[in-house]
Amino acid sequence: MKIPLSWLKDFVEITLPLPELCHLLTMAGLEVEAVQIIGLPIHENASDSPHLHEVKMEGLTWAPDKIVVASVSEVMPHPNADRLVLCKLFDGEQEHTVLTGAPNLYPYKGLGVLSKPLKVPYAREGARIFDGHQPGQVLTTLKRAKIRGVDSYSMICSEKELGISEEHEGVIILDDDAPVGIPLVDYMGDAVLDIAITPNIARNTNVLGVAREISALTGQPMQPPSFEVWAEGPAIQGQADVQITNPELNPRFVLGLIKDVHIKPSPYWVQRRLRLAGMRPINNIVDATNYAMLEIGEPLHAFDYDSLVQRAGGKAPTIITRTAQAGEKLTTLDDVEHTLDDFTVLVCDTAGALSIAGVMGGAESEVHPETKNILLEGAAWNFINIRRTATAQRMSTEASYRFSRGVHPAMAERGVKRCLELMRQWAEGIVSQGLVDNYALPAQLACVEITPQDVRRWLGIDLPIDEIADLLTRLEFHIQLKGNGLVVTAPDHRLDIGEGLIGVADLMEEIARIYGYERLPETRMADELPPQRTNRELELEERMRDVLVNLGLQEIATYRLTSPEREARRLPPGNAPDDRPYVQLANPIAKDRVVLRHSLLASVMEVIERNARTAQRQALFEMSPVYLDSEEGPLPEEQLRLVIALTGPRALPGWQSADSGNMDFFDLKGLIAAMLEDLHIQNIHFEPAEHPSFHPGKCARLLVGEHQTGIFGELHPVVQQRYELAEQAHLVVDLDVKIILDAIPVRFTAAPAAAFPPVLEDLAVIVDETLPAAQVESVLRAAAGKMLANLSLFDVYRGEQIGIGKKSLAYSLTYQAPDRTLTEKEITALRQRIIRRLEQELGAKLRS
Amino acid sequence: MLEQIEKLEQQALADLHAVQDEDALQRWKVSHLGRSSSLMKTFDQLGSLSKEERPAIGRRANQAKQALEAAFNQQSDRLRQQTLERSLQSERLDVTLPGRPQVRGRLHPITRTLRQINRVFGDMGFQVFRSPEVETDEYNFELLNIPAHHPARDMWDTFHTSTPGVLLRTHTSPGQIHVMRKYAPEPIRVILPGMCYRYEQVSARKDTQFNQVEGLAIGKNITMSDLKGTLTDFTRRMFGEQVRTRFRASHFPFTEPSAEMDIECFLCQGAGCGVCSGSGWLEILGCGMVHPVVMTNGGYDPTKFMGYAFGLGPERITMLLHQIEDIRYLWGNDIRFLEQF
Ligand SMILES: [Zn+2]
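Same order as they appear, the protein sequences are chains A and B.
For the first sequence, the working numbering begins at 1 and goes up steadily by one.
For the second sequence, the working numbering begins at 1 and goes up steadily by one.
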């Protein structure tokens, strides 16, 4: 919302330097996002302000001695150029001949001495202005030059050259009352505050609202605009009427009438203010509706009265507001045909629909250059319904912006009055006396009781009752004393104050805002602590992350939105991806982010792929949810998964020779086993498995207890080809985290380090190639019993020596008794028992 | 005889002087102190000497033996020292060569920030409560005082799912209702971290997916000044003891009064720089007193209970702490980026 400072000053005196003013507004919830400087010195008497840099201020400062108001008494042709004119100009000190190519001066060319001199902004030699011929804002200094044989050293300026707008079609022609010779900055220097308006302060989408806030914050009194109208025409009654069919949707509708207007451009100061506020001047009638809207916040609509009379068959028109029939059509001002919903409110007459209420007028009844008589509409609409309509019709207008945030019905009358008076002043019309005012559902003023105890309870400060009353009075709340408290009535420009406790909350915000959030103390809570609970799930997840990081893995974080096509890459081509339903977006923003993922593995593989170009070695993990259709209700199951991915050399490359082999299946398996061991999880099994994503011979399943926890192994070469990856093994695991977390014991015991010397022994056995090593190990452990403190496989050998189809497994065993040194005799007995059982149960042979 | 001993001694010492390695030293020892050495033979000859001569010569021979032994030990020490020094010299490394690269694991930067946030609030008695990412319109909006078609809905660009009334949460605030309904009427002090989603064009500052940490305190005696105090304590611990904060009025439908908190830019100390867009302040969180409607929807009587809530963005904090200019780096997972944390 762009608010010119000069306009604010119509209603409230502002003595604060700009940075201070912006700070004050920002702190009170009217965040000033930027300030555009129009001629004013940027940091006038504020160079020591602590808030100097808080708001970005940009623009052009007009030097008072270089840029002044001047008058042009004659426009003469240029001797050597058709498209240039010479102006006889007086700048208050002396006469100059000024060269310009402004097309808006051509009409005056050769008219001799003008009966009414033109007032213009004049830049003297040495003035710094923006270059009108370059795009954007490029500073330039006026220098003496000869243009087509004529001396030129100064300029009559356009809005673009003065940094007012992008307008460079002609020079500015000021209003006739501009005093010649005074610095232009004194005449029309300005600053435009760009304020972010949150939904709760919709009352401030206008100059008056912001002025009211400034008045409350600074204590300067308000001088509100006059709502008096100079009305001399015959009464409006009988010339127009209003019927409201649904007061809930249209609580109030006000009409005013002005006749015999002269449609022409508005005075320059009006055009300038509109442009500064971000609107385009059209003509004095349209400008008056926009000006009144920007000033007090009520969107207004001007109808061509005669076309309404014509539609009514020559009779006085009756405006009717009603909801549309579903499918009903209307063409709006912008020549777009709209198909309406059954909740769209229409402004109609007896002949049909005229406009979409609160959003945009229709083409048929709009004001045109020949319009003589104007019927002016000011209404109040249900803001929820306007927002719904604007959203459904995909329309956003200045009117819908305001009406969809709520405009108090009181503003309908004020808006019409203010606008009629402006039209009268700018278009010389005659205003009909009175208004047609159908106030079908009068707004109730919110009334709330508060006490100083409430202030204490909410804000934590003790304010005397009269200070509370003063803070609210500054915002035009009406205050009555009642016992130890106040009865507070909201002013009739506000819709945001609720009843009861909600109203109390609303008032607390107002009190805090005007008192100053900055002045509230910083205290530590004195309230009792809630019962303390352990979030075990979170603690274990974080512990798991630590374990994985300790194992040398880099954590990553991926996007959770993806597409089924992206996810299908984790499977060989032709494999049916997933028949479980996805959580599907109704309004995706990109083609490749249309569903919430099913597979964390697919997300991680994309990261591996992206890094493959720069990293030969990757060791990554992510612990994040996937979103699976749930039978328990409309919301999906958010299942936490862990994916680890490894690829590339086992050791980092260095200048010394190291283990340069690439990571393989057993690196990943070792990592998983170490993770589970660090989490003290018992009862883990690995078994061969098959899965389309994995190499059929290098794939295993992890079981924690009875639970299938996930699959891991080497990525299938066909899957690997679907990603742009290096030709080396990629090892991945995809695990259900909850099963792992559930298996983590609450506590574990720690035994003392053995006090007696252990006995170490190596044992190599020859078994069939097909016999899983896990089986050998489990027989070995069972046979060795509790004296076996440690068992580790240190070699697997295949070769002719031991026979085709055989393998030799070499174990190193550590025997240990807690209470004594084991004797040679005990060890021998143990060894024999182990060998016997390996022979009997697995057909193993001892390798000697 | 005495002269002969004298000569032997002189000769031996002279020989010893020339010895330069351990082998030669051992050979010297054999030839000058060994059983068959001339000096040792002198002792054998003592018996054949006269009773008068014997003591003097014996004494002298002993003297010579001790002198040679001492000289031997000394030379031996010297040689050992030399050998050690030589070997140390030969083992000299170029210590400017790089060390062996170590495989290291690291947490993702957002995890680090989240943990820091959890820890700071944890120290203040806030515990972590989590709730789902896929939510109902009811929890994400309606129960938070944002009715259907309300203009406040414009504040959140929402991803809707193909199931009517089900959406991706736009903020962690629905967790407020979940935790209140679970624990009412106990006092509450929780933080609610989690992933949120917004229908937004991706830019350097905004992404469709982002983390948020919501905070909620409910009790009989909790004020806006407490909110200011808690958050100021938080920012001091997060950004440094010296950091200044400011509270501005703002608007969120589920809190009233509402505020936004800025911290003084710790890069330029408030003077204005690129990171703070010249303003000297960094916006880091939104907060306010729990709205009576939300309090009621959560199952608490708003005439008896008060509370505050706040929400902050771990990505934004991470970016500020490490001067990261583009939020997409955090989701890009480029190892070269992540390795810096
Ligand atoms: Zn800064």
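Heads up, some of the hints might be wrong.
With a straight-line Cα cutoff of 27 Å, these simulated BS3-like cross-link-like pairs (lysine-lysine) come out [said to hold, decoys possible]: (1) B:K304 - B:K220; (2) A:K738 - B:K182; (3) B:K182 - A:K482; (4) A:K806 - A:K698; (5) A:K2 - B:K206.
Some chain A residues flagged as far from chain B (calculated, every beta-carbon gap over 10 Å) [claimed, not checked]: (6) I14; (7) P17; (8) H78; (9) T97; (10) L111; (11) G170; (12) P234; (13) N283; (14) S307; (15) D527; (16) E542; (17) V549; (18) L585; (19) L652; (20) T821.
Each pair of labels, with its calculated beta carbon distance range [said to hold, decoys possible]: (21) B:E283 - A:E467: 29 to 39 Å; (22) B:G274 - A:D186: 29 to 39 Å; (23) B:G274 - A:T141: 51 to 61 Å; (24) A:K591 - B:A271: 56 to 66 Å; (25) A:D335 - B:L267: 48 to 58 Å; (26) B:A271 - A:A196: 16 to 26 Å.
No lab work stands behind these hints, which were simulated from the structure alone.
Ideal Cβ placement from N, Cα and C applies to all residues, glycine included.
Checked hints:
1. B:K304 - B:K220: holds (6 Å)
2. A:K738 - B:K182: holds (22 Å)
3. B:K182 - A:K482: violated (40 Å)
4. A:K806 - A:K698: holds (20 Å)
5. A:K2 - B:K206: holds (25 Å)
6. I14: Fine: 20 Å to the nearest Cβ keeps I14 (chain A) off the interface.
7. P17: Holds: least Cβ distance 17 Å, greater than 10 Å.
8. H78: Its Cβ never comes within 10 Å of chain B, the nearest being 46 Å, so this holds.
9. T97: Correct as stated: the minimum Cβ-Cβ distance to chain B is 44 Å, above 10 Å.
10. L111: holds (50 Å)
11. G170: Nearest chain B Cβ is 35 Å from G170 (chain A), so the label holds.
12. P234: holds (41 Å)
13. N283: N283 (chain A) is indeed farther than 10 Å from all Cβ atoms of chain B, at 31 Å.
14. S307: Non-interface label on S307 (chain A) holds, nearest chain B Cβ at 34 Å vs cutoff 10 Å.
15. D527: violated (4 Å)
16. E542: It is violated; E542 (chain A) is separated from chain B by about 7 Å at its closest Cβ, not greater than 10 Å.
17. V549: violated (4 Å)
18. L585: violated (5 Å)
19. L652: Check fails; 4 Å does not lie beyond 10 Å.
20. T821: holds (40 Å)
21. B:E283 - A:E467: 29 to 39 Å: holds (30 Å)
22. B:G274 - A:D186: 29 to 39 Å: holds (36 Å)
23. B:G274 - A:T141: 51 to 61 Å: For T141 (chain A) against G274 (chain B), whose Cβ atoms are near 29 Å apart, the range 51 to 61 Å is violated.
24. A:K591 - B:A271: 56 to 66 Å: violated (45 Å)
25. A:D335 - B:L267: 48 to 58 Å: Hint holds: Cβ distance 51 Å, inside 48 to 58 Å.
26. B:A271 - A:A196: 16 to 26 Å: Holds, at about 24 Å.
The earlier numbered hints that this structure contradicts are 3, 15, 16, 17, 18, 19, 23 and 24.
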